[in-house]
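A.B. asks: Work the whole structure out from these sequences, hints included.
According to our numbering, the stretch in the sequence shown is residues 1 to 165, in order.
Treat the hints with caution; some may be incorrect.
Just the calculated beta-carbon pair ranges, DEER-fashion [to be verified]:
hint : residue 1 : residue 2 : range
1    : THR54     : ARG75     : 31 to 41 Å
2    : PHE106    : ALA64     : 28 to 38 Å
3    : LEU32     : ARG129    : 23 to 33 Å
4    : GLU100    : GLY80     : 33 to 43 Å
5    : ASP70     : ARG8      : 11 to 21 Å
Source of the hints: derived by calculation from the structure; they are not laboratory data. Each residue gets a CB set at the ideal place from its N, CA and C atoms; glycine is no exception.
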Amino acid sequence: MELIAQGRDADVYALDESRVLRRYRHGGPTGLESRLMTHLAACGYPVPRVYEITDTDMVLERLAGPTMLDVLARRPWRVGSLGRELGRLHDRLHALPALEWLPKRFSTADGDRVLHLDLHPDNVILTRRGPVVIDWCNAGAAAAAGPTRRNGFRMRSGRSWTTRI
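C.D. replies: The structure is reproduced here in structure tokens:
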């Protein structure tokens, strides 16, 4: 298998032209993550299709396209339009009520929403069908206004992250 991406907790391998294997190095929340992604897809939110899971692995739809961060690095003048697109993705997600089985994050109350909690330009793939959000392992339920205000806008230069609020 060809290694095509690496994250903090998982590696991604190409299986074929339409599927990838996301393998957590030390186990992961594959059951919760796949259940949430399946639910979000049914709600019309852009996520990769989930084909199968084990305790450490997820077979997912292979997405063709650059990350939003890659586009920003090559075409920095698009920061405004891509920033607005990222904001729309946050808004669409936060319009969805939290499901009772999602982990509670921060202080929660009635009206909790689904939160990604790591939704930044490197976790958005720009495909022909539009932007698709990846890496749902940190997702949970919370009041949408709090964490969103604290997130700001994160940009990466080289290997370091800069937060702009």
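A.B. asks: Please go over all the hints and tell whether each is borne out by the structure.
C.D. replies: The hints, checked one at a time:
Against the hinted window of 31 to 41 Å, the Cβ-Cβ separation of THR54 and ARG75 comes to about 39 Å, which satisfies the hint. Between PHE106 and ALA64 the beta carbons are some 35 Å apart, a value that agrees with the proposed interval 28 to 38 Å. Restraint check, LEU32 to ARG129: a C-beta distance of roughly 25 Å satisfies the suggested window 23 to 33 Å. Remark: the range hint 33 to 43 Å for GLU100 to GLY80 is upheld by a beta-carbon distance near 38 Å.
Take ASP70 and ARG8: their Cβ atoms lie about 18 Å apart, and the range 11 to 21 Å holds.
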